[in-house]
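Novice: Each chain, letter by letter, is given below.
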Amino acid sequence: MYISNYHRRSGAVFLFFIGFSILCISRLLFIQFFRSSYLTRIAKSQYNLYLELEPRRGTIYDSNLKPQAVNLVVDSLYAIPAEIRDKDKEGIIKQLMPILNADYAYLKDRLYRKKSFIWLARKISSQQAEAIQRLNIKGLDFIKESKRCYPNGYLASHVIGFAGLDNAGLESIELYYDKYLKGQSGCALFLRDARQKRLDLWEKMVLPKDGYDLILTIDEVIQYIAERELDKAFKTSHAQGASIIVMDPHTGAILALANRPTFDLNEYNNVSKDRIRNRSICDLFEPGSVFKIVTASAALEEKKVVEEDKFFCENGSYKVSTHILHDHRPHGWLKFREVIEQSSNIGTTKVAQILGAGLIYRYIRLFGFGSKLGIDLYGEISGAIKEPRFWSKLSIAAVPIGQEVGVTTLQLVSAVSTIANGGQLMQPYLVKEIRVRYGETIKKNSPLLIRKAISIDTANRMKKILTGAVEEGTGKLAQLPGFSAAGKTGTAQKLEPNGAYSHNKFIASFIGFAPAEDPLIAMAIVIDEPHPYYFGGVVAAPVFKNVAGDVLRYLKTNISAKEVIAFHDTGAVN
Amino acid sequence: MRLSKFLYLVICVTFLSLFYVWQETEVFRFAYVGQKNQDAFQDLLDKNIALRYNIKQRTSLINIGDKVSKVADFQMPDNYRLVRLLYPPEIRVSEHLPRQENIVSRIFSIKRQAEAKTINP
Numbered sequence: 001m002y003i004s005n006y007h008r009r010s011g012a013v014f015l016f017f018i019g020f021s022i023l024c025i026s027r028l029l030f031i032q033f034f035r036s037s038y039l040t041r042i043a044k045s046q047y048n049l050y051l052e053l054e055p056r057r058g059t060i061y062d063s064n065l066k067p068q069a070v071n072l073v074v075d076s077l078y079a080i081p082a083e084i085r086d087k088d089k090e091g092i093i094k095q096l097m098p099i100l101n102a103d104y105a106y107l108k109d110r111l112y113r114k115k116s117f118i119w120l121a122r123k124i125s126s127q128q129a130e131a132i133q134r135l136n137i138k139g140l141d142f143i144k145e146s147k148r149c150y151p152n153g154y155l156a157s158h159v160i161g162f163a164g165l166d167n168a169g170l171e172s173i174e175l176y177y178d179k180y181l182k183g184q185s186g187c188a189l190f191l192r193d194a195r196q197k198r199l200d201l202w203e204k205m206v207l208p209k210d211g212y213d214l215i216l217t218i219d220e221v222i223q224y225i226a227e228r229e230l231d232k233a234f235k236t237s238h239a240q241g242a243s244i245i246v247m248d249p250h251t252g253a254i255l256a257l258a259n260r261p262t263f264d265l266n267e268y269n270n271v272s273k274d275r276i277r278n279r280s281i282c283d284l285f286e287p288g289s290v291f292k293i294v295t296a297s298a299a300l301e302e303k304k305v306v307e308e309d310k311f312f313c314e315n316g317s318y319k320v321s322t323h324i325l326h327d328h329r330p331h332g333w334l335k336f337r338e339v340i341e342q343s344s345n346i347g348t349t350k351v352a353q354i355l356g357a358g359l360i361y362r363y364i365r366l367f368g369f370g371s372k373l374g375i376d377l378y379g380e381i382s383g384a385i386k387e388p389r390f391w392s393k394l395s396i397a398a399v400p401i402g403q404e405v406g407v408t409t410l411q412l413v414s415a416v417s418t419i420a421n422g423g424q425l426m427q428p429y430l431v432k433e434i435r436v437r438y439g440e441t442i443k444k445n446s447p448l449l450i451r452k453a454i455s456i457d458t459a460n461r462m463k464k465i466l467t468g469a470v471e472e473g474t475g476k477l478a479q480l481p482g483f484s485a486a487g488k489t490g491t492a493q494k495l496e497p498n499g500a501y502s503h504n505k506f507i508a509s510f511i512g513f514a515p516a517e518d519p520l521i522a523m524a525i526v527i528d529e530p531h532p533y534y535f536g537g538v539v540a541a542p543v544f545k546n547v548a549g550d551v552l553r554y555l556k557t558n559i560s561a562k563e564v565i566a567f568h569d570t571g572a573v574n
Numbered sequence: 001m002r003l004s005k006f007l008y009l010v011i012c013v014t015f016l017s018l019f020y021v022w023q024e025t026e027v028f029r030f031a032y033v034g035q036k037n038q039d040a041f042q043d044l045l046d047k048n049i050a051l052r053y054n055i056k057q058r059t060s061l062i063n064i065g066d067k068v069s070k071v072a073d074f075q076m077p078d079n080y081r082l083v084r085l086l087y088p089p090e091i092r093v094s095e096h097l098p099r100q101e102n103i104v105s106r107i108f109s110i111k112r113q114a115e116a117k118t119i120n121p
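The listed protein sequences correspond, in order, to chains A and B.
Reminder that position 347 of the first sequence reads as 347 in this note's numbering, one-by-one numbering, no gaps.
Reminder that position 50 of the second sequence reads as 50 in this note's numbering, one-by-one numbering, no gaps.
Only chain B is shown next, with the shape it has when bound in the complex:
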């Protein structure tokens, strides 16, 4: 074998070896980067779960219910009950007060049109 061929072979082998080492280091570098991102993501995910758990715990019926029952005798709301509010006398009186509208507003008011009653219902 000639020396030049031998040297050429050595260079090739060296180059291939370096290439192999380089790509191995790249794989590990990416693994480190990926792992770092994954850890950060996982950490955020864990914090999110913990946060949601804390919210759930704070807003649980045990906490809210106990606090409400300390200050009031709480009862479930009922859809079937309509509560008729008794208006204070002053509000009832105000219904009978004469209109406080001037002549201009009386002419141009759309309210009066809306209040018009149909002759043939």
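Just chain A, same shape as in the assembly:
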């Protein structure tokens, strides 16, 4: 009886365990075959962390490899609102407000959102980050991000441009070469521990491809000299705006480009669009007398005149169609070279009448006016040049002296470079090389000839005339001690909104190159609405003198010791 009961009970227990085992096995089979993908997904989301790996944005260097735009690692502050108690939030907002310089409403809006992650401030300074860390607030943390910084502040701001919060180029070189600078993002599947902390263990990883470095044609020292002198002229002449471009006339490489007003690249989001605008490539203006270099070059190239031909300048008053043309100073008989040196409007008009509208228009286009020159920046405009069929009877007296035409500072410097280099119109460019970080060159920008505008002979004759304009003519204030210089002044009346020429708003300009016999630099300076002095020869020419003097001394010091000794041996020591 007892044994029988024992067998029965053990059988029942056995059956119970068998049944339980079958239940477990069937449940396991169910999970394995029907729920495995779902559960695997949940598990992976717990211990895997997908991260996009940010590439390093390329550095921008000047021509001497001095960094102009670099990346710094900075902290970005975020909050986990769910981890902060509601009663603490008010206090946290009051603590953060002075550190972040943020509004109460902004922080309140962020901290009271029902989210597990929200940005409070991105890319803050190290001082701000340290101050917040000292507060030791639960629910606030930092993520390291890369920030674009510009060590030279406002220097070459219109050339370099800036990149935004997401390291995307927004302006100038940063925008134009963004595809080279930004690189390619990578990604990785990192493991996480039980506290959701990232471990340096990954399942899959695609490394980011860093952006390429850019080497500009801009020279930091020349840029500084140009900005320093432009700034002085801008302030002393109480101008509305000012631009300067320094170019290597033989290659078209831009050595310096600056505008006023300007802005600090590190504070780009606090300035107006007007300050950011690159006036030297996207502002159109009537150039005035500096444009006479085109008329003069055309006349010499077409052999219509020679330097010693005489023109009667009508003692300062000459009727063309219904309009009476004036010179800023009355002249009688002037030789052709003196017409340019003394900047006689009447003499130039008479030369233009010999040439005719068709030839003048042809040379205007040959010198690059009326079309984009193809500089590696967005926003370049082509200017405004009317075809001869749209010219009025007065145009023959206006276009050759720089009225009824719209040009840019870049076009002016390219035109004067054409004369300086022997008649070749070169494409201006700002980026010399694109390189892999510390490595091989990906792309090299070589000097590019757009077209041959005039012959070497004409260019040399024009050089002499322009040297005369500086030595004997209107550009005397551009004379350089120790170096020869050539150039042309310009003073243009601005157009009023009603279409009439203003009597108190002018554009003063100077274009030139130095040394005159073997030019190293060409330059264009444009000052918008200077007061009280407004003549190009008074306002813009001294800028040329100061910039060219310092730049030539700087460039000459870079030549080899051998050349210096040779130079000294020739007795050229002062």
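To be clear, the hints were calculated from the coordinates, so they are not data collected in a lab.
Since we're looking at a predicted model, the values are computed, not measured.
Beta carbons are placed, not taken as given, at the ideal position from N, Cα and C, and that holds for glycine.
Keep in mind that a hint or two might mislead.
[As the list claims (entries may be wrong)] Far from chain A, some chain B residues (derived; all Cβ distances over 10 angstroms):
| # | residue |
| --- | --- |
| 1 | L3 |
| 2 | K5 |
| 3 | Y8 |
| 4 | C12 |
| 5 | V71 |
[Claimed, not checked] Computed footprint of chain A on chain B, listed as stretches where at least three residues anywhere in the stretch have a Cβ under 8 angstroms from a Cβ of chain A:
| # | segment |
| --- | --- |
| 6 | 17-31 |
| 7 | 50-58 |
| 8 | 62-70 |
Could you slot chain B onto chain A? The hints should help.
Specialist: Leaving out everything else, chain B in the frame of chain A:
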């Protein structure tokens, strides 16, 4: 299966399992150590970059140039200009002063030998 074999199998499986767990924990421990070192290294690297950036910013032409131009009208130095300094009169006079050497120094001085002129240049 005998009980001893079963127990032996259980011990083996347990040992292997423990070994697996141990090596997994070691991997994670090394990962933590590596990550800590990496973070420290990265932090130093970031600080180095920030420091260099600050130096570059402080020594930029904008800062130095503006400070210099406030106190002086700075101009680029020129290699081609030799500046002849005009000596003050007292220095010129001193050249004509009689030698202040005694008899001993005159005899043993190498300076006099150095000043000797060659007869056949």
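Novice: Taking the hints in turn, state whether each one holds.
Specialist: Comparing the hints with the structure gives:
1. Distance to chain A confirms L3(B) as a non-interface residue, since its nearest Cβ pair spans about 19 angstroms, more than 10 angstroms.
2. For K5(B), the non-interface assignment is confirmed: its Cβ lies about 22 angstroms from the closest Cβ of chain A, beyond the 10 angstroms cut-off.
3. Every Cβ of chain A is farther than 10 angstroms from the Cβ of Y8(B); the closest lies at roughly 24 angstroms, confirming the non-interface assignment.
4. Every Cβ of chain A is farther than 10 angstroms from the Cβ of C12(B); the closest lies at roughly 24 angstroms, confirming the non-interface assignment.
5. Non-interface status of V71(B) relative to chain A is upheld: no Cβ of that chain comes within 10 angstroms, the nearest being about 14 angstroms off.
6. Requiring three or more residues with a Cβ within less than 8 angstroms of a Cβ of chain A, the coverage given for the segment 17-31 of chain B holds, as 3 such residues are present.
7. With a threshold of 8 angstroms between beta carbons, the proposed coverage of the segment 50-58 of chain B by chain A holds, since 4 of its residues qualify and at least three are required.
8. Remark: the segment 62-70 of chain B is confirmed as covered by chain A, as 3 of its residues place a Cβ nearer than 8 angstroms to a Cβ of that chain, reaching the required three.
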